[in-house]
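Visitor: All chains, full assembly: derive it from the sequences and hints.
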Amino acid sequence: MKIPAGLIATLTLLIMTGCSQPELTDLQELNAAYIKQIHYSTPAFVEIMPYLETGQYAELDAMFAEFEERFQDDPSAEYSFIQAYAVFADIGRSDYPPLMSQLTAWIDTTGSAMAYTARGFFLAGEGFRFRGTRYLDAVPEQDLADARIFWSLALGDLREAVRLNPGMTPAYQQIIGVAAQSGKRTLRQQTFEAAIKAVPHSYQIRQMHAFYMQPRWGGSYEDAELIADQAVVHAGRNPHLWRLHGDILDNQAYDCITDKDYSCAIERYTEAMKFGSTLSRLQRRAFSYYSVGQHDAALQDIETAIAMNPEGPASEAAMRLMDWIREHQNNQAAGSARQKLRNLSFWEFSEIWQ
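Numbering of the sequence shown is given in the numbering used here, commencing with residue 11 and proceeding in unit increments.
Source of the hints: derived by calculation from the structure; they are not laboratory data.
Among the hints, erroneous ones may be present.
With a Cα cut of at most 20 Å, we get these calculated DMTMM-like pairs of lysine to aspartate or glutamate [as the list claims (entries may be wrong)]:
1) Lys284 x Asp36
2) Lys284 x Glu39
3) Lys194 x Glu170
4) Lys207 x Glu78
5) Lys207 x Asp84
6) Lys207 x Glu170
7) Lys284 x Glu235
8) Lys284 x Glu313
9) Lys194 x Asp147
10) Lys194 x Asp233
11) Lys207 x Asp83
12) Lys46 x Glu78
13) Lys46 x Glu79
14) Lys270 x Glu281
15) Lys46 x Asp84
16) Lys207 x Asp239
17) Lys194 x Asp153
18) Lys46 x Glu313
19) Lys194 x Asp156
20) Lys46 x Glu76
21) Lys46 x Asp83
22) Lys207 x Glu79
23) Lys207 x Glu235
24) Lys46 x Glu321
25) Lys46 x Asp36
26) Lys194 x Glu151
27) Lys207 x Asp233
28) Lys284 x Asp239
29) Lys270 x Glu358
Guide: Quick look at the structure:
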């Protein structure tokens, strides 16, 4: 019998580290950790802007240092640690023209890893705006050239950030994303290896790297499984690492949705939820149920998602979607209305649930 390479590598790692492989025994605990994660807050740009405008750069260092300290105390805070910097990627030059000069002044004043990470995110975001969400062969050559210029600048800042602070998880994650989009596979792999050595319990770094190991990026699901298998030795410190196995199933399920094989998607998302429920899994399985006419099951998933984050911005929209489905379920007149319900696309369904 041939033993899978991933299993060999995992067992080797366990022997080398002297660890026994932990078991996923408490799904409720894992779901509770996820709910805790989504409730951690991050600052909006309007809260950061006054500090930039008045040159309070030491205060910005202190503000962003708190996100790292929170992650060191609680692995569930890793997502908010990254999202705190992602706000800079979301603000373009046209939205707020002074931002580049203000971020540069922050670097010139404190020279901190936080300042370099913030500017690195901003520059990477500018590159992603040129790249867009189009297939690579549909991106105009000039747009791609402009994207690469910004990504090159971003990589310089992000590398300096991890030199100054080897625990800067957001910078590692952004380097992996930029390297993948730039076709720099060696850089992506090297960054991943350095990152998990510096922050061995990180879920977000592994999740990003595994995402780019998918077949659509020239990898394989077996490669992604190996990352998930090797991560479980750290799951005692960070239970979110169990979710990596579910993330791979998520990606397979999304492929099923793309192929309009909704029964396949339901099966994959249901299997993924054995590694924890997430808002995305519930939303997409709800759509899959809805697409095969299992409206009651779809409504149940929507209700579960609302209960996870009742005060979240998407909950009100989710409730409107539930009302919309029920209205058409109960419409006895209803041939045309029922047809409209069945024909709602994934993107239309998602747009309602924003």
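Visitor: Determine for every hint whether it applies to the structure shown.
Guide: For each hint, the structure was consulted:
1. Lys284 x Asp36: 10 Å, holds
2. Lys284 x Glu39: 12 Å, holds
3. Lys194 x Glu170: 18 Å, holds
4. Lys207 x Glu78: OK: Lys207 and Glu78 at ~17 Å, within 20 Å.
5. Lys207 x Asp84: 19 Å, holds
6. Lys207 x Glu170: 17 Å, holds
7. Lys284 x Glu235: 16 Å, holds
8. Lys284 x Glu313: With Cα atoms ~18 Å apart, Lys284 and Glu313 stay inside 20 Å; holds.
9. Lys194 x Asp147: 17 Å, holds
10. Lys194 x Asp233: With Cα atoms ~17 Å apart, Lys194 and Asp233 stay inside 20 Å; holds.
11. Lys207 x Asp83: With a Cα-Cα distance of about 18 Å, the restraint between Lys207 and Asp83 holds, given a limit of 20 Å.
12. Lys46 x Glu78: Since the Cα atoms of Lys46 and Glu78 sit roughly 16 Å apart, the hinted pair holds (cutoff 20 Å).
13. Lys46 x Glu79: 16 Å, holds
14. Lys270 x Glu281: 18 Å, holds
15. Lys46 x Asp84: Holds. Lys46 to Asp84 sits at ~10 Å (cutoff 20 Å).
16. Lys207 x Asp239: 16 Å, holds
17. Lys194 x Asp153: Satisfied, since the Cα-Cα distance of roughly 18 Å is no more than 20 Å.
18. Lys46 x Glu313: 18 Å, holds
19. Lys194 x Asp156: This hinted pair holds, its Cα atoms lying about 17 Å apart.
20. Lys46 x Glu76: 17 Å, holds
21. Lys46 x Asp83: 13 Å, holds
22. Lys207 x Glu79: 19 Å, holds
23. Lys207 x Glu235: Distance ~19 Å between Lys207 and Glu235 Cα, so the pair holds.
24. Lys46 x Glu321: 13 Å, holds
25. Lys46 x Asp36: Roughly 16 Å separates the two Cα atoms, so the pair holds.
26. Lys194 x Glu151: 18 Å, holds
27. Lys207 x Asp233: Status holds; Cα separation ~19 Å.
28. Lys284 x Asp239: 15 Å, holds
29. Lys270 x Glu358: 15 Å, holds
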